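Chemist: Spelled out from the first residue to the last, the chains are:
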Amino acid sequence: MAELPGQIRRMSGGISQLLEQIYGFSRRCLFRVISMGPIPSHLAFIMDGNRRYAKKHGLEDGSGHKAGFSALMSMLQYCYELGIKYVTIYAFSIDNFRRQPEEVQSLMDLMLEKIKSLLEKESIVHQYGIRVYFIGNLALLNDQVRAAAEKVMKITAKNSRVVLLICIAYNSTNEIVQAVKKSCINTSDNMEAYGNDKHEDRDSDIEGTDMENQEKRIQLVDIEENMQMSVAPNPDILIRSSGETRLSNFLLWQTGNTQLFSPASLWPEIGLRHLLWAVLNFQRNQSYLEKRKKQL
Amino acid sequence: MLSLLCFLLSLLFLLLLPCLRPCFSAKGSLKDKKKIDKGTYVVGEEEPPKGLRRELMPRHVAVIMDGNRRWAKQAGLLTSQGYEAGAKRLIEFAELCFKLGINTVSAFAFSTENWGRHKIEVKCLMYLFQRYLKSKIQFFQSKEIRVSVIGNLAKIPESLLGIITEIEDATKSYKKKHLILAIDYSGRFDILRACKSIVKKSEHGLIREKDVDETLFERELQTKCTEFPSPDLLIRTSGEQRISNFFLWQLAYTELFFSPVLWPDFDKDKLLDALASYQHRERRFGCQV
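So the protein lines, in turn, are chains D and L. If you use our numbering, the first sequence corresponds to residues 1 to 296, in order. If you use our numbering, the second sequence corresponds to residues 297 to 585, in order.
Keep in mind the hints are simulated off the structure, nothing from the lab. Please read all numbers here as calculations on a predicted model, not as lab measurements. Beta carbons: idealized from backbone N, C-alpha and C, even for Gly. Among these hints, one or two may not hold up.
As the list claims (entries may be wrong) - Residues of chain L clear of chain D, computed beta-carbon distances all greater than 12 Å:
id	residue
1	ARG350
2	MET422
3	GLN437
4	PRO453
5	GLU505
6	CYS521
7	SER540
Unchecked claim - Derived SDA-like pairs: lysine to any residue, alpha-carbon spacing no greater than 25 Å straight-line:
id	chain 1	residue 1	chain 2	residue 2
8	D	LYS181	L	GLY397
9	D	LYS181	L	ARG484
10	D	LYS182	L	LYS451
11	D	LYS121	D	LYS154
12	L	LYS564	L	PRO345
13	D	LYS181	L	ASN448
14	D	LYS181	L	GLU499
15	D	LYS66	D	ASN142
16	D	LYS182	L	LYS492
17	D	LYS182	L	ARG489
18	L	LYS520	D	LYS66
19	L	LYS451	D	ASN257
20	L	LYS492	D	GLU81
21	L	LYS497	D	GLU192
22	L	LYS369	D	ARG284
23	L	LYS520	D	GLN178
24	L	LYS520	D	GLN219
25	D	LYS55	L	SER573
26	L	LYS346	L	LEU424
27	D	LYS158	D	GLY129
28	L	LYS492	D	GLN178
29	D	LYS55	L	GLU578
30	D	LYS85	L	LYS506
31	D	LYS181	L	CYS521
32	L	LYS492	D	ASN226
33	L	LYS471	L	GLN426
34	L	LYS369	L	GLN537
35	L	LYS492	D	ASN190
36	L	LYS496	D	LYS121
37	L	LYS384	L	LEU424
38	L	LYS566	D	SER242
39	D	LYS56	D	LEU272
Work out the full structure: start from the sequences and follow the hints.
Modeler: Written out as structure tokens, the structure is:
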């Protein structure tokens with residue numbers, strides 16, 4: 001009789017494991033069917049609604065972000081199973097530093113814990129061979145978080161199967177300004193070298209082409225190359241949870257032609273059905289987008 | 297006695313006159329306010345409908361006018377007629393926005409990518425811009441609407457460029473209502489142009505590389521022509537949910553509103569719905585809930 005509760009627990013554990021396996025198998029079958037159509041190569045997420053989730057469920061501060069992290073891990077698993085190569089997440093904006101210091105500190109502590117966990121053997125990074133990039137002004141982070149981020153980037157540098165870009169201490173206008181500054185520096189270095197060549201070659205008629213050269217110095221590709229996000233193609237789909245429809249200074253340069261999707265669910269409530277809906281809509285619009293790309 | 301009484305009454309009247317004057321002129325003061333108050337928004341031009349609050353009106357509304365060709369196809373009309381209907385709708389849209397207290401309206405009239413469309417269609421669009429702008433110069437002047445055109449403009453026909461210069465010159469003194477037309481515009485090229493301008497200035501010693509920040513950069517974009525370069529609200533019609541290389545930098549914190557309605561059908565009610573949606577949103581700018 002005393003063994004009965006233990007047996008029941010083992011049985012229910014076994015049943016839930018079985019159900020999980022059946023669910024996983026059905027999901028992979030569904031992904032196989034969807035993969036008959038075009039699959040986006042890059043998905044970006046604005047994980048909005050963690051605090052409102054905690055408030056809604058009467059949870060303590062910080063629990064919303066933890067629930068959000070679990071939702072993120074599930075979403076990453078679905079994306080990589082579906083064959084999406086690049087996933088970008090907006091983990092922490094430069095604007096978020098203006099929140100209450102206690103909340104910022106709690107977020108930093110949570111991020112440190114989760115960044116470290118990425119290097120554990122059972123983590124999703126090893127399961128899927130993920131290369132991780134941390135994109136943003138890392139100098140704004142505290143030493144521990146920055147060091148952990150750099151360690152993860154170094155250790156995963158050889159992975160090439162799929163890529164995870166974590167935008168932390170990031171905002172897009174800052175990224176653009178930094179890229180412009182780098183372009184300025186590169187341009188003045190090039191012009192210096194050009195100037196030296198000019199002195200060496202007095203016979204060529206250079207004056208007339210000076211203005212032309214000035215204009216040609218910086219092209220779109222120069223700015224693009226200096227963007228931190230140049231390690232990935234532009235996102236095909238940007239999903240922002242919690243129903244808000246705004247970009248909040250995320251990937252402004254990169255999302256000029258990205259499909260935007262804003263489900264009403266808060267981030268911890270995001271699920272497979274939202275991803276499927278976004279991908280199916282992408283497939284529906286794909287032929288039109290391909291036609292436009294050819295026009296350019 | 298009688299003359300003394302008249303004298304005393306007259307004296308009393310003269311003494312009391314300064315106190316009585318405000319009572320007589322009270323009714324006239326509201327009318328006078330409209331004439332005198334040139335520096336601030338004129339109260340009462342159009343009261344917002346119930347449910348909308350004047351103090352929550354966006355200062356700058358941007359619109360991607362999508363769906364003209366589909367509208368024409370559905371109505372069994374020519375594409376050019378779809379564009380005409382779209383142009384007409386834009387004028388009505390802008391007028392209504394200004395009446396509701398919105399200072400700046402910007403419209404994505406022609407994207408750099410649109411040059412890839414059929415040559416005849418592009419020619420038709422350029423001719424439509426030229427004809428419509430020319431015919432509306434007096435209208436904009438009578439309504440005191442400033443018109444600015446932003447974009448690359450390198451491939452625009454000379455005749456259209458001439459009209460653009462004419463309309464910009466004719467309306468440049470107006471401050472309270474600003475209509476910005478983005479023609480041959482690309483968000484990325486706007487940023488590239490700003491970058492080139494900064495490089496040039498830094499080479500001439502006008503700015504230092506370390507001074508380059510977001511504020512300085514924003515002043516180099518083409519939207520520097522307006523007091524409110526960043527739209528508070530962007531409306532895109534026809535159901536597509538993309539920015540399509542319209543303002544990129546400027547949309548950092550803009551509320552986006554996607555309407556399934558085709559642009560020529562985007563009437564007053566639809567605009568009010570968009571504004572109501574905007575006014576109910578909580579804009580946090582990355583901070584506290």
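Chemist: Now tell me, hint by hint, if it's right for this structure.
Modeler: Hints versus structure:
Here L:ARG350 stays apart from chain D, with its beta-carbon at least about 23 Å from theirs, past the 12 Å limit. A cut-off of 12 Å between C-beta atoms confirms that L:MET422 is not in contact with chain D; the least separation is 17 Å. With a least beta-carbon separation of about 35 Å from chain D, L:GLN437 lies farther than 12 Å from that chain, consistent with its non-interface assignment. Every beta carbon of chain D lies more than 12 Å from that of L:PRO453, the smallest distance being close to 21 Å; the non-interface claim holds.
The beta carbon of L:GLU505 sits about 6 Å from the closest Cβ of chain D, which is not more than 12 Å, so the claim that it is off the interface is violated. With a least CB separation of 20 Å from chain D, L:CYS521 remains clear of the 12 Å interface cut-off, as annotated. Non-interface call for L:SER540 relative to chain D: violated, since the shortest CB-CB distance, roughly 6 Å, does not exceed 12 Å. Proposed proximity of D:LYS181 and L:GLY397 is contradicted: the alpha carbons are some 39 Å apart, above 25 Å.
Proximity of D:LYS181 to L:ARG484 is assessed by CA-CA distance (about 16 Å); at most 25 Å being required, the pair is judged to hold. Proximity of D:LYS182 to L:LYS451 is assessed by CA-CA distance (about 30 Å); at most 25 Å being required, the pair is judged violated. Between D:LYS121 and D:LYS154 the CA atoms are separated by roughly 16 Å; this keeps the pair inside 25 Å, and the hint holds. Under the criterion of a C-alpha separation no larger than 25 Å, the hint pairing L:LYS564 with L:PRO345 is consistent with the structure, at around 11 Å.
For the hint linking D:LYS181 to L:ASN448, the alpha-carbon distance of about 23 Å falls within 25 Å, and the restraint holds. Using a Cα cut-off of 25 Å, the hinted pair D:LYS181 and L:GLU499 holds, with the two alpha carbons roughly 13 Å apart. Of the supplied pair hints, the one linking D:LYS66 and D:ASN142 holds, its CA atoms being roughly 20 Å apart against a limit of 25 Å. Distance check on the hinted pair: D:LYS182 and L:LYS492 sit about 13 Å apart at the alpha-carbon level, within 25 Å; holds.
Only pairs whose Cα atoms come within 25 Å are accepted, and D:LYS182 paired with L:ARG489 is accepted, the gap being roughly 16 Å. For the hint linking L:LYS520 to D:LYS66, the alpha-carbon distance of about 42 Å lies beyond 25 Å, and the restraint is violated. For the given pair, L:LYS451 sits about 23 Å from D:ASN257 by alpha-carbon distance, which is consistent with the 25 Å threshold. Restraint check for L:LYS492 and D:GLU81: not satisfied, since their Cα atoms lie roughly 43 Å apart, outside the 25 Å limit.
With a C-alpha separation of about 17 Å, the suggested pairing of L:LYS497 with D:GLU192 holds against the 25 Å cut-off. Restraint check: the Cα-Cα separation between L:LYS369 and D:ARG284 comes to about 20 Å, which is no more than 25 Å; the hinted pair holds. Proximity of L:LYS520 to D:GLN178 is assessed by CA-CA distance (about 21 Å); at most 25 Å being required, the pair is judged to hold. A hinted pair counts as satisfied when its Cα atoms are at most 25 Å apart, and L:LYS520 with D:GLN219 qualifies at roughly 22 Å.
Note on D:LYS55 and L:SER573: the hinted pairing holds, with a Cα-Cα distance of about 23 Å set against a maximum of 25 Å. A threshold of 25 Å between alpha carbons decides the hint, and for L:LYS346 with L:LEU424 the separation of about 37 Å lies outside it, so the pair is violated. With a C-alpha separation of about 9 Å, the suggested pair D:LYS158 and D:GLY129 falls inside the 25 Å cut-off, and the hint holds. Of the pairs offered as hints, the one joining L:LYS492 and D:GLN178 holds, with about 14 Å between alpha carbons and a cut-off of 25 Å not exceeded.
With a C-alpha separation of about 16 Å, the suggested pair D:LYS55 and L:GLU578 falls inside the 25 Å cut-off, and the hint holds. Proximity of D:LYS85 to L:LYS506 is assessed by CA-CA distance (about 37 Å); at most 25 Å being required, the pair is judged violated. As the CA atoms of D:LYS181 and L:CYS521 are separated by approximately 24 Å, the hinted pair is consistent with the 25 Å bound. Of the supplied pair hints, the one linking L:LYS492 and D:ASN226 holds, its CA atoms being roughly 15 Å apart against a limit of 25 Å.
Between the alpha carbons of L:LYS471 and L:GLN426 the distance comes to roughly 24 Å, so the proposed pair stays at or under 25 Å and holds. Taking the CA atoms of L:LYS369 and L:GLN537, the gap is about 21 Å. The hint holds against a cut of 25 Å. Note on L:LYS492 and D:ASN190: the hinted pairing holds, with a Cα-Cα distance of about 15 Å set against a maximum of 25 Å. Proximity of L:LYS496 to D:LYS121 is assessed by CA-CA distance (about 52 Å); at most 25 Å being required, the pair is judged violated.
A hinted pair counts as satisfied when its Cα atoms are at most 25 Å apart, and L:LYS384 with L:LEU424 qualifies at roughly 11 Å. Between L:LYS566 and D:SER242 the CA atoms are separated by roughly 23 Å; this keeps the pair inside 25 Å, and the hint holds. The hinted pair formed by D:LYS56 and D:LEU272 meets the criterion: a straight-line CA distance of about 22 Å does not exceed 25 Å.
Hint violations for this structure: numbers 5, 7, 8, 10, 18, 20, 26, 30, 36, all remaining hints satisfied.
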